[in-house]
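Here the structure of chain A is known, so what remains is to put chain B in place on it, guided by the hints.
Here the protein sequences come in this chain order: A and B. Under numbering that gives the first Met the number 0, the first residue of the first sequence is numbered 0, with each subsequent residue one higher. Under numbering that gives the first Met the number 0, the first residue of the second sequence is numbered 0, with each subsequent residue one higher.
Note that these hints are calculated values from the structure, not bench results. Incorrect hints may have been included.
Pairs count within a copy or across copies, as identical chains cannot be separated in the list.
[What the hints assert, rightly or not] Listed below are the simulated SDA-like cross-link pairs for lysine to any residue, each with C-alpha atoms no more than 20 Å apart in a straight line:
| hint | residue 1 | residue 2 |
| --- | --- | --- |
| 1 | Lys379 | Thr361 |
| 2 | Lys379 | Gly408 |
| 3 | Lys420 | Gly408 |
| 4 | Lys132 | Ile7 |
| 5 | Lys471 | Arg368 |
| 6 | Lys420 | Gly377 |
| 7 | Lys379 | Ala327 |
| 8 | Lys379 | Leu360 |
| 9 | Lys379 | Arg368 |
| 10 | Lys473 | Arg398 |
| 11 | Lys379 | Glu443 |
| 12 | Lys379 | Glu409 |
| 13 | Lys379 | Pro444 |
| 14 | Lys473 | Leu393 |
| 15 | Lys182 | Lys257 |
Number of protein chains: 2
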Amino acid sequence: MTSADTPIPLFGVILAGGSGTRFWPLSRSQYPKQVLRLLGSNSLLQATIGRLRPRIPPERLAVVTAASQADIIRLDLHRLGEANIRLWLEPEGKNTAPAVALAAALMGEAAGAEIMAVFPADHYIQDTAAFHKALDQGAELAREGFLVTFGITPTRPDTGYGYLKAGDPLAAGGLRALAFIEKPDLARAHAFLTEGGYYWNSGIFLFRRDVLLEGLARHLPALYEGIQKISAGLAPEALAGIYQGFPSISLDHGLMEKADNVALVPVEMGWSDVGTWSALHDLCSADGRGNVILGRVLDLGNRDSLVFSQDRLVATIGLQEMVVVDTADATLVCPRSRVQEVRDLVAELTRQDQVESREHLTVERPWGRYTVMEGGPGYKVKKVVVDPGRRLSLQLHHRRAEHWVVVQGEALVTIGGDVRKVLPNQSVYVPVETPHRLENPGPEPLALIEVQTGDYLEEDDIVRLDDDFWRKVKK
Amino acid sequence: MTSADTPIPLFGVILAGGSGTRFWPLSRSQYPKQVLRLLGSNSLLQATIGRLRPRIPPERLAVVTAASQADIIRLDLHRLGEANIRLWLEPEGKNTAPAVALAAALMGEAAGAEIMAVFPADHYIQDTAAFHKALDQGAELAREGFLVTFGITPTRPDTGYGYLKAGDPLAAGGLRALAFIEKPDLARAHAFLTEGGYYWNSGIFLFRRDVLLEGLARHLPALYEGIQKISAGLAPEALAGIYQGFPSISLDHGLMEKADNVALVPVEMGWSDVGTWSALHDLCSADGRGNVILGRVLDLGNRDSLVFSQDRLVATIGLQEMVVVDTADATLVCPRSRVQEVRDLVAELTRQDQVESREHLTVERPWGRYTVMEGGPGYKVKKVVVDPGRRLSLQLHHRRAEHWVVVQGEALVTIGGDVRKVLPNQSVYVPVETPHRLENPGPEPLALIEVQTGDYLEEDDIVRLDDDFWRKVKK
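Same shape as in the complex, but just chain A (with noise of 0.2 Å):
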């Protein structure tokens, strides 16, 4: 087999547990930056197993991210309609040396691939056809026994990347990576520039499992002890309780930068890591005045702003290098040049606790979606929207009762022994403790206000009795 022909089987590793908190608000803990929608209509996620098709197809494609974003995660690989892309999750986040690992010990041998190829869920590649070349080019040189990265021709003297800086060439194609560099100042990043041979690092890796493993022996080697336990089969508290004894390491930091098989393809494939809303600023289509302005905006003489609506008005003037960014339920506003920022005002908001940093009013679910309208002492009103054809779980509340009023659509719905069609102007009631289930038949969205009452009305109080989804339900 050579490259020219059939390309190496690979299998693909997908880092999804970052949550990106630099793009709030329209990230939040609960809805991360890898399932936004920021460039088109898919997901930065979907976006990342899209370009891979071509090379990887989803039978050898896995997802990893933390236990706490699963749903979510879930979620848009239901919306993409792959159900064959493995999701395998990490107790709790540890950077990407721990994620790699366990990706390592949960394929096994059984992947059928000899080299594992691992990608960040959430950049942007804009040349598919030059990261697909690539991939061809950097699984010839991970079968050869390197630790493949893919270096991208620098176009600016960026401060916000790492650099790598690379060697004489290799044999087997590529070039020798000699140095793993942080995010260097403006004048250094201009020497970078200058000098030539330096290149930003991607986060893109692909190397043979056994000589991953090899290296994380030697370099990492609590981790590679503790991967030997892990199994497909092992509980979700014993897993816990090996990923405890991790260290919380990049890739680059744990093994790249300390091993001596390093080797970097080249390559030029409008790559951006979509880091921050300036980032996301450049990547889109800017207007004559440099202006990128999306959604419902007025905007009497801005310049090079970034200008984004949900769906609320937002009224801008004179705006110079801003960023507005604008949700159902907080609005951010901050210059260009301090965008980086973001993250700490997330911080704050997260110490806070504020409901902000965690969730939207409008919550995705695999049947639909909510959006929380009001809430007070004692009630909470919402609109729920149920796809075609969907159902809810089978489930019942303990501590809340529920009055539906249907205003589009057609709803089904089971309350106790009770099953009836519910039409648009038309109401039932669901008591406390009382299963019920509410279901789309028709072939248009069924949208509902639903008003509950009741001392506690929290989405934890759910029994689920039945499911047509992935949800945990009571036997």
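Here is chain B on its own, set in the frame of chain A:
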């Protein structure tokens, strides 16, 4: 009678017809600047009335506004608990000269006060004692036959105000006014300050009714002739016909600039016309970094900025001399130096007929308020809050049905011939064409969620059969 003993009785005319578009998004055409609570717990109009009370009792006070703003002004007076203040409605807004002339016509001879005192509804005066002293002095001058205006001693070269040039002192006190000067450029404003003898034009006037009418007859004859036909009992259509012929002109331009009997009372009273968000910033006490921060705002490193949030979360990083104002449905972001352009922005929203130019999601009513929470084809969801002891009109709708779910307090509900109590977690249904009434008989606010369904869901589908307030009832 001398001014040292009993003040000369005044008849106060408060001009409350402004739209105050520069305070958007807090102001709307149906919720204008004068009813905003920008400085304290009273609206600017309420504060103006309160400031006058020691000199002008409610029964000698009239508020003039445009008919289109009657409801909200009436409500603002109602909330103040003032039933004795006259409300005079202009068929259309035509600047201050017609409004003052209308007041002169309607007050007739019956007012029991020979001197009219005219006040903008939406200004701020810090030093009430100085204001009262100037009123007394102005009344003396007015009694002597002068057209009197208040000249504010300037404290900075403000280019946002008109100026008055003062001449020699008058025997009766005050100064002769020599000229009215439009908003100057900065150089000229500086010169005024250096030279001395210039004052800010406050828009406050005092004159005998007969002296005003004489001046109108001479300088604004069309207006003078028109108001001869106006009396209290005139039909609104007839008034509208007369108004059509009136010039749209300010009292300054139309009369004061041309008359030769104008006097000026110089006064230092901490006055501001509260003309823009930036002027409001100047009136509020700023923190050590020059920021005025109100509401749920997270601020990382702002300077000299005004950030106001009604109730959503607004997060700002490193703003410098910016204004951010957030309401439930719209957000404004603008440098302080460009706040004048908010007017242009509202003009554009009005041209586009955007609802955010007209009203807020929460609409005040004499019985309480409602908030539009959500709407879509064939339905609308509101939260309705009824103040203790209040009730809505007995009403019916031709084209919508309503589902009510009580979430707080206690409702007394009339539907057709049926009257019943409805408690939290109980619901009722109001069919189309059915007379119904909602009352809060209890001591705490009543809150309910209303889901309207029907093919037409605007506010004007309401037939009132009985009402506790001033709204039109079908006989």
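Status of the hints after comparison with the structure:
With identical chains, the CA atoms of Lys379 and Thr361 are at most 20 Å apart both within one copy (14 Å) and between copies (18 Å). For the identical chains of this complex, Lys379 and Gly408 are inter-copy neighbours only, at 15 Å across copies versus 23 Å inside a copy, given an alpha-carbon limit of 20 Å. Proximity of Lys420 and Gly408 under a CA criterion of 20 Å is satisfied intra-copy only: 11 Å inside one chain copy versus 32 Å between copies. Taking CA atoms no more than 20 Å apart as the test, Lys132 paired with Ile7 passes inside one copy only; the shortest distance there is 12 Å, against 93 Å between copies.
For a Cα distance limit of 20 Å, the shortest separation of Lys471 from Arg368 inside one copy, 19 Å, qualifies, whereas the shortest one across copies, 43 Å, does not. In this homomeric assembly, Lys420 and Gly377 come within 20 Å of each other (Cα to Cα) only across copies, at 19 Å, whereas the closest approach inside a single copy is 29 Å. In the homo-oligomer, the alpha carbons of Lys379 and Ala327 lie at most 20 Å apart both inside one protomer (17 Å) and across protomers (18 Å), since each shortest distance falls under that limit. Both within a single protomer and between protomers do Lys379 and Leu360 lie at most 20 Å apart by alpha-carbon distance, with minima of 12 Å and 18 Å respectively.
Within a single copy, Lys379 and Arg368 get their C-alpha atoms as close as 16 Å, and across copies as close as 19 Å, so both meet the 20 Å cut-off. Taking the shortest Cα distances, Lys473 and Arg398 sit within 20 Å of each other inside one copy (17 Å), while across copies they are farther apart (46 Å). Proximity of Lys379 and Glu443 under a CA criterion of 20 Å is satisfied inter-copy only: 19 Å between copies versus 26 Å inside one chain copy. Taking CA atoms no more than 20 Å apart as the test, Lys379 paired with Glu409 passes between copies only; the shortest distance there is 17 Å, against 23 Å inside one copy.
In this assembly of identical chains, the alpha carbons of Lys379 and Pro444 lie at most 20 Å apart only when taken from different copies (17 Å versus 22 Å within one copy). Taking the shortest alpha-carbon separations for Lys473 and Leu393, only the intra-copy value of 10 Å comes in at or below 20 Å, while the best inter-copy value is 50 Å. For the identical chains of this complex, Lys182 and Lys257 are intra-copy neighbours only, at 18 Å inside a copy versus 71 Å across copies, given an alpha-carbon limit of 20 Å.
In this structure, none of the earlier numbered hints is contradicted; all agree with it.
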